[in-house]
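Using UniProt numbering, read the sequence shown as starting at 1 and increasing by one per residue.
It is possible that some hints are incorrect.
[What the hints assert, rightly or not] Quick list of simulated restraints, FRET-style, between CB atoms:
hint, residue 1, residue 2, range
1, A136, E46, 39 to 49 Å
2, R14, R121, 31 to 41 Å
3, E49, D158, 46 to 56 Å
4, M155, V89, 17 to 27 Å
5, G127, T83, 21 to 31 Å
6, P156, A51, 41 to 51 Å
7, P16, T83, 23 to 33 Å
8, M155, D82, 15 to 25 Å
9, P144, Q6, 33 to 43 Å
10, P119, R3, 11 to 21 Å
11, R139, E49, 44 to 54 Å
12, Q6, G36, 20 to 30 Å
No lab work stands behind these hints: they were computed from the structure. For glycine and all other residues, C-beta sits at the position ideal for the given N, C-alpha and C.
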Amino acid sequence: MDRLSQEGDRSAIRFPRGLAAGKDKERHRYDFSFSGLKTAVARYVESLEDAGQEVPGADVCAAFSEAVNDSLTAKAVQACLDTGCDTLVVGGGYSANSRLRSLAAERCEAAGITLRLPPLRFCTDNGAQIAALGSAAVRAGVAPSPMDFAPDSGMPLDVSVVH
Numbered sequence: 001m002d003r004l005s006q007e008g009d010r011s012a013i014r015f016p017r018g019l020a021a022g023k024d025k026e027r028h029r030y031d032f033s034f035s036g037l038k039t040a041v042a043r044y045v046e047s048l049e050d051a052g053q054e055v056p057g058a059d060v061c062a063a064f065s066e067a068v069n070d071s072l073t074a075k076a077v078q079a080c081l082d083t084g085c086d087t088l089v090v091g092g093g094y095s096a097n098s099r100l101r102s103l104a105a106e107r108c109e110a111a112g113i114t115l116r117l118p119p120l121r122f123c124t125d126n127g128a129q130i131a132a133l134g135s136a137a138v139r140a141g142v143a144p145s146p147m148d149f150a151p152d153s154g155m156p157l158d159v160s161v162v163h
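When you get a sec, could you build the whole thing from the sequences and use the hints?
Below you can see the structure in the form of structure tokens.
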């Protein structure tokens, strides 16, 4: 998708930015949601297909990428500014995205924030890191989670499973 988005026009289609405005803007200052974006992309593609028009795949990918990366970088930089953090570290598989890297660099430079990005060869899915943490937790005596374990998006960030 990243390669295809580089061939498209990211301004050809304006897709929504989730949690960017409205009455809950302050409450969701650093949150992001892409469910509305996914719906907007699906509706856009369906409307073209229903009209018998060709879907401009590269433009759709570029505009989708722009919406995601605009939200991520704007909120991350704002969080740094609001908290006095002078360095933004980006990691994980998505940190390989070329537009994320360029937009983060542009916005961090403008805000006087140091950006730290791993080399592309280290931008892989974090499944191995999660598995390593689980292994360390079990070795430390923490009981493994049951197979029907539900995710807890509200879990405090200061909870540690390995001491």
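* Please flag the earlier hints that this structure goes against, numbers listed from lowest up. => none
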